[in-house]
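The sequence shown maps to residues 3 to 351 in my numbering.
Source of the hints: derived by calculation from the structure; they are not laboratory data.
Careful: at least some of the hints might be erroneous.
If you anchor each label on the Cβ, the simulated ranges turn out as follows [to be verified]:
1) ARG350 / ARG199: 24 to 30 angstroms
2) GLN203 / ILE170: 33 to 39 angstroms
3) ARG312 / LEU276: 35 to 41 angstroms
4) ASN90 / LEU276: 23 to 29 angstroms
5) VAL102 / LEU348: 41 to 47 angstroms
20 angstroms max Cα-Cα, derived SDA-like pairs, lysine to any residue [unchecked claim]:
6) LYS239 / THR92
7) LYS184 / LEU278
8) LYS239 / LYS78
9) LYS78 / ALA185
For each residue, glycine too, the CB sits at the ideal point set by N, CA and C.
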Amino acid sequence: MKPLLLSLLTLPTLAYTPLSDHALTLLPPFKNTPRDPDPDFDPLASALLSPILRPRVPGTPGHAAVQHHFVSWVQKNLHPSWRIEWHNTTAETPIHGKGVRVPFANLVLRRDPPWVKPYLPGIITPEQYGGSEAVKGKRLKSEGDVARLTLAAHYDSLYKPEGFIGAIDSAVPCALVLYAAKAVDEALTRKWEAMARVREQRAAEGWDGLEDEDDDYEEEEKGLQIILFDGEEAWLKWSAEDSLYGSRALASTWSSLPYPSGSKYPTPLSSISLLLLLDLLGSPSPTIPSYFLHSHVHYLSLSNLESRLRKLNLLESSPRTPFLPDRDRDPRVVRGYVEDDHMPFLKRG
């Protein structure tokens, strides 16, 4: 699955064009063998995956250790411009009793183009921030003017059975989204440096705007966002109240937290261009259906990439059936929804 994700994310420098077959051969991880596994995904000795493979029940030492691992890994392996934010919330659960609130912490990692000015609600007021027009006057952009491709997974594990590790649910998906960020980090730096030079040249030539207001430019200007959700698992029995604690709280906050006046996107939730949620991945032959009509075009992009990668013999595993089998399915045929961390965001638009 790793090459599939990376192919979608690795964008060209200034023009939105498909990657060539040669470019696909250069995508990390390079071809590994069973005797030489990818060092980031060795379950016993990897710096990325191994520390996640432990019980991660919210409020326990194992849960806290994995939180520390995420931050440490990001600081060591990703570009320093990545912002690390914790979204903290509490909630009652069916097993802790009335009035006992369990803490949950969603980890949000965000890298925007360097000309985007961060907005820190609660620290900088909208008046101090100056709004979108003020930052544009300094050839900067408001944080609310940039869309973000968002990759997500949940990092908590089941309360029962005791000692449950949850390798595919969802330690491996967490490692996958972090690995994807690492894999495209240098390419993002180069792309945005090239775009910055174009912006400076256009400004020197007296352009009224900082960029073309077209779809291609907006596509290239997108930021990248990683969300590691807490509290996805039910404590007693899955229900609307006993599940998705972290994602429900984050979607609520992001739908009501306004960006400064004049921003293109009114809230952090509306700035999500695509939410790609990974869950239950890590087994030898995963099957990933297409659930939504409005995202089927992105599913087709991934499916086409999988087909090309198979033909180039670049996948680390080669099951007989495709990972993404719904390439030729009529997207108008509605599937039943799967309850997962995407649902609170979907319900809020």
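Structure-based check of each hint:
{"no.": "1", "hint": "ARG350 / ARG199: 24 to 30 angstroms", "verdict": "violated, 38 angstroms"}
{"no.": "2", "hint": "GLN203 / ILE170: 33 to 39 angstroms", "verdict": "violated, 48 angstroms"}
{"no.": "3", "hint": "ARG312 / LEU276: 35 to 41 angstroms", "verdict": "violated, 24 angstroms"}
{"no.": "4", "hint": "ASN90 / LEU276: 23 to 29 angstroms", "verdict": "holds, 26 angstroms"}
{"no.": "5", "hint": "VAL102 / LEU348: 41 to 47 angstroms", "verdict": "violated, 30 angstroms"}
{"no.": "6", "hint": "LYS239 / THR92", "verdict": "holds, 19 angstroms"}
{"no.": "7", "hint": "LYS184 / LEU278", "verdict": "holds, 17 angstroms"}
{"no.": "8", "hint": "LYS239 / LYS78", "verdict": "violated, 38 angstroms"}
{"no.": "9", "hint": "LYS78 / ALA185", "verdict": "holds, 14 angstroms"}
Violated hints, listed in ascending order, are 1, 2, 3, 5 and 8; each of the other numbered hints is respected by the structure.
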